[in-house]
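> The working numbering puts the sequence shown at residues 1 to 297.
Keep in mind the hints are simulated off the structure, nothing from the lab.
One thing to keep in mind: the hints can contain errors.
No more than 27 Å apart at the CA atoms, straight line, and that leaves these computed lysine-lysine pairs for BS3-like [what the hints assert, rightly or not]:
no., residue 1, residue 2
1, Lys-275, Lys-173
2, Lys-288, Lys-271
3, Lys-256, Lys-48
4, Lys-173, Lys-4
5, Lys-126, Lys-41
6, Lys-56, Lys-41
7, Lys-41, Lys-297
8, Lys-220, Lys-41
9, Lys-4, Lys-220
10, Lys-256, Lys-288
11, Lys-126, Lys-48
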Amino acid sequence: MSFKTIAVIGAGTMGNGIAHVFAQHGYDVQLIDVSEAALQKGLATIGKNLARQVAKGLLSEADKTATLGRIASHTSIATGVANADLVVEAATENTHLKLSVFKEIDAAAPAHCILASNTSSISITKIAAATGRPAKVIGMHFMNPVPVMKLVEIINGYATEASVTTQIVELSKALGKVPAVANDYPGFVANRILMPMINEAIYTLYEGVAGVESIDTIMKLGMAHPMGPLQLADFIGLDVCLSILQVLHDGFGQPKYAPCPLLVNMVTAGKLGAKSGEGFYTYTAGSKELVVSPQFK
């Protein structure tokens with residue numbers, strides 16, 4: 001199948017990044033969000049990120065204008081997916097919400113359309129079961145920030161057709177990405193390995209083995225990680241980390257996936273990381289300085 005029109009559900013960090021990449025590579029993009037304010041914010045973010053690429057010499061001003069011209073916005077899912085060849089859902093990581101969104105997409109999208117989810121942990125098989133086309137449902141897990149990160153983790157649901165997987169692999173390559181295929185088990189590959197590491201780093205802090213800076217420094221310099229696990233957790237969002245760990249714990253029923261009590265308390269207290277202004281570090285608008293939260297000094 002030849003992909004021409006791509007619908008992206010959700011104009012947040014992941015959704016606007018996915019829309020950006022598709023539009024930059026010549027696809028017509030329908031960016032959909034129930035909130036007009038979220039759409040305008042997402043489009044503004046795409047514009048800023050494209051301007052950054054122009055400033056770095058990675059893109060011409062004409063390319064930037066053409067990319068923005070390929071993106072249309074909608075507050076209605078039915079309108080936005082009506083002519084889509086592929087829908088990529090990038091809504092909030094909430095099972096109930098995703099199942100509801102996929103039912104709505106399935107009812108409005110053309111019969112040939114492939115439905116993909118950017119979920120990082122929710123079962124593709126469960127999402128597919130909410131539709132009348134489970135063979136055409138697949139996971140397409142982009143990494144943040146989408147315009148920069150090369151990996152796309154592609155997840156086969158129980159009923160995903162091999163031809164659909166092949167098409168999504170080739171499409172990912174056309175975007176300049178590197179696809180890696182996994183099967184549908186809790187956490188897939190990325191988060192099944194990453195989240196226990198982050199959780200163990202939080203336990204290491206919780207048990208007083210070392211402080212925030214020491215933990216992150218050891219992992220950055222000793223293991224060649226570009227970002228320490230506690231800083232990465234802040235970047236992902238501590239609420240998202242907790243949610244994924246709960247999916248792993250529920251899915252496997254093994255105590256090694258149980259979220260650290262410190263993580264649970266921090267989320268309960270609203271300390272969610274960069275997006276709330278404080279997690280393991282504190283974040284000030286306009287500053288890139290890493291400052292450990294007073295709670296851990």
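> Which numbered hints does this structure break?
The structure breaks hints 1, 3, 5, 7, 8, 9, 10 and 11; every other hint is satisfied.
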